[in-house]
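> What follows is each chain in one-letter form.
2 protein chains.
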Amino acid sequence: MTIHPPKDINIVPFVSVDNMMKLVLNVGIETFLMELAGFIEEDFKRWELFDKTPRVASHSPKGVIELMPTSDGEVYGFKYVNGHPKNTRDGLQTVTGFGMLSNVDNGYPLLLSEMTILTALRTAATSALAARYLAPAGANCMAIIGNGAQSEFQAMAFKALLNVNKLRLFDIDSRATEKCIHNLAGKGFDITFCKTAEEAVEGAQIVTTVTADKQYATILTDNMVGAGIHINAVGGDCPGKTELHPDILLRSDIFVEYPPQTRIEGEIQQLSDNHPVTELWRVISGKEKARLRPDQTTLFDSVGFATEDFSALRYVRSKLPGTTYFDSLDMLADPDDPRDLFGMLLRAAQTP
Amino acid sequence: MTIHPPKDINIVPFVSVDNMMKLVLNVGIETFLMELAGFIEEDFKRWELFDKTPRVASHSPKGVIELMPTSDGEVYGFKYVNGHPKNTRDGLQTVTGFGMLSNVDNGYPLLLSEMTILTALRTAATSALAARYLAPAGANCMAIIGNGAQSEFQAMAFKALLNVNKLRLFDIDSRATEKCIHNLAGKGFDITFCKTAEEAVEGAQIVTTVTADKQYATILTDNMVGAGIHINAVGGDCPGKTELHPDILLRSDIFVEYPPQTRIEGEIQQLSDNHPVTELWRVISGKEKARLRPDQTTLFDSVGFATEDFSALRYVRSKLPGTTYFDSLDMLADPDDPRDLFGMLLRAAQTP
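Order-wise, the sequence lines are chains A and B.
Residue numbers for the first sequence follow this note's numbering, beginning at 76 and rising by one.
Residue numbers for the second sequence follow this note's numbering, beginning at 76 and rising by one.
One thing to keep in mind: the hints can contain errors.
One copy or any two copies: either way a pair holds, since identical chains are not told apart in the list.
[Claimed, not checked] For lysine to aspartate or glutamate, the following EDC-like pairs were computed, each having C-alpha atoms within a straight-line distance of at most 20 angstroms: (1) Lys161 - Asp409; (2) Lys161 - Asp248; (3) Lys241 - Glu273; (4) Lys120 - Glu354; (5) Lys137 - Asp147; (6) Lys97 - Glu110; (7) Lys127 - Asp180; (8) Lys364 - Glu123; (9) Lys137 - Glu149; (10) Lys97 - Asp409; (11) Lys137 - Asp180; (12) Lys120 - Asp147; (13) Lys394 - Glu105; (14) Lys161 - Asp411; (15) Lys394 - Asp83.
FYI, nobody ran anything at the bench for these hints, they're computed from the structure.
Since this is a predicted model, take the numbers as computed values, not measurements.
With these hints in hand, go ahead and build the complete structure from the sequences.
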């Protein structure tokens, strides 16, 4: 990856929410997801060179604020992200975020970007990327259990990367399902509104669970999961928050992003610390086989990892040149003589 | 501290470099330093309630990029800061930074600010605040060894908080001293240009060392330091970077911000791990005596701590209402229905 420091190194390009939406729509949602998955795949292939610092969490009674840094040796990136399950009650997002890339060689920031929308896109792109390696060949029908903020992004990513065109939707709140059906109208899906989770998984080769705000919920029980399907478990992503019955885990082959993090935050927090799991990057790099038998149940226990945010920021940065989808922030003091910071301040008094 | 979430909670006030300079000049440099020291003092007094997470460092051959988070339980803050000693050769700052405050209860950001200038101000305010407790009574003459980017800020803070009006300046590069004298002209100082460090410390009751880019340098040797002075050691602030001969440390009473960090980064990295030190917050809270005897040598081994950045951001935030010294960043996606992030994206296609 080559770094092109901007001419005005003190100016940091900033992608606002408005500009992110314009960029995504201009590129096209499916193309964006496909290209983004390409960047994520590329970074999973060079997994070993990333600095995989654990995320730094600040917990409070109502939620958590986290910083997720990583670096590939040339570019450093971090994401600020919160998780406040009860925010929805106040009309706020449970998860918001922003991220930054900077130049490892001089420490100067290269990009600041909103990451609420971008995180939903990267999570969906990662899910679909994993499924491209793990799901049964020709799978075109997906159940989505939990039809909240992330559900449509998941649907679009699976359509873009795997040609999934049949959706079976269920949510305990039928208004969420109605919203999801409304938003996906005209996007090329054959959608079934399901009244129970049991009904949703009938005939689906892929089951995505993406519910929120549940303590040790059991969205899927063992008898609901037939042999040969792929489970994309997105919603269980912090300590105490899981979606699957442990019996499902015990008869699935489990794929994870980064075991030290997933054992704390993912579905596998319900299993022993040494339960065997396969790292997704090893499958993507061809070091491990993905699906071995048609009757195998595969499970991607997704929690989201810093490298995926890095890939997403790297992708967004690659799309900006020549566009107007960013603002220029005067974020870094850059006196002509680096030792003369105070002189720069004094001289500012002379400019209007 | 009361939190007043802005009406438009998705909009984050951003203080650019330009606006920071305007704010500082509008408030007045000395008033700014004095008020800022007040906020720092206030937070040192409630030290025990802060979440003191260690900083998260990403090291590379050319430098380090760090995230410094903290929280007082109501407001969370973090600073991004780099340290690249060789940046000066390329005309860049060795240290740049920016910071953020956010609301612990919902995770939404409250402020984004440049922190290159603000860090120089908070470091100087902290130095002068410590000296107000530690320096000999009536001290009005300070030596500054190292006349780079931080030197004038140190001088102004000591003037504002302690009425220091005599400066004795030395730098191995006389052009740095000339720059410092030029910048401080008309600010009410009686300044002596010194040709050696030995000359600079003559008659000074306070000695500030603020040099850069040195591996285990010895800016001050034992015979240069008379009894009864206060040493403000600012420049030694990372592993392998120190300024004082260990013999000075051995006969000084040493005050530090946060021992677990200072033992790694400060002058005391040269001493044994159990060498006695006093935490500055205990002096400021009245739990420990500062200076006991006139002939006592006191040393503030300053490395900079996350709570000081927090205080600085909190102070800047308090000054913004009613001013124009900030921009409004559209940083957080905030759909009317929090579950309808995708719908917000789709509707953006309908706005020009």
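> Each hint should be assessed against the structure and marked as holding or not.
Hint-by-hint comparison with the structure:
1. Lys161 - Asp409: between (42 angstroms within a copy, 15 angstroms between copies)
2. Lys161 - Asp248: within (16 angstroms within a copy, 58 angstroms between copies)
3. Lys241 - Glu273: So lysine 241 and glutamate 273 pass the 20 angstroms test inside one copy only (16 angstroms; across, 81 angstroms).
4. Lys120 - Glu354: Cα proximity of lysine 120 and glutamate 354: one copy only (12 angstroms, versus 47 angstroms across).
5. Lys137 - Asp147: between (33 angstroms within a copy, 14 angstroms between copies)
6. Lys97 - Glu110: within (16 angstroms within a copy, 43 angstroms between copies)
7. Lys127 - Asp180: within (18 angstroms within a copy, 28 angstroms between copies)
8. Lys364 - Glu123: within (18 angstroms within a copy, 52 angstroms between copies)
9. Lys137 - Glu149: Answer is between; shortest inter-copy Cα gap is 11 angstroms, intra-copy 36 angstroms.
10. Lys97 - Asp409: So lysine 97 and aspartate 409 pass the 20 angstroms test across copies only (16 angstroms; inside, 31 angstroms).
11. Lys137 - Asp180: Classified as between; 6 angstroms across copies, 38 angstroms inside a copy.
12. Lys120 - Asp147: within (12 angstroms within a copy, 41 angstroms between copies)
13. Lys394 - Glu105: The answer is within: 15 angstroms in one copy meets 20 angstroms, while 45 angstroms across copies does not.
14. Lys161 - Asp411: between (48 angstroms within a copy, 16 angstroms between copies)
15. Lys394 - Asp83: within (19 angstroms within a copy, 29 angstroms between copies)
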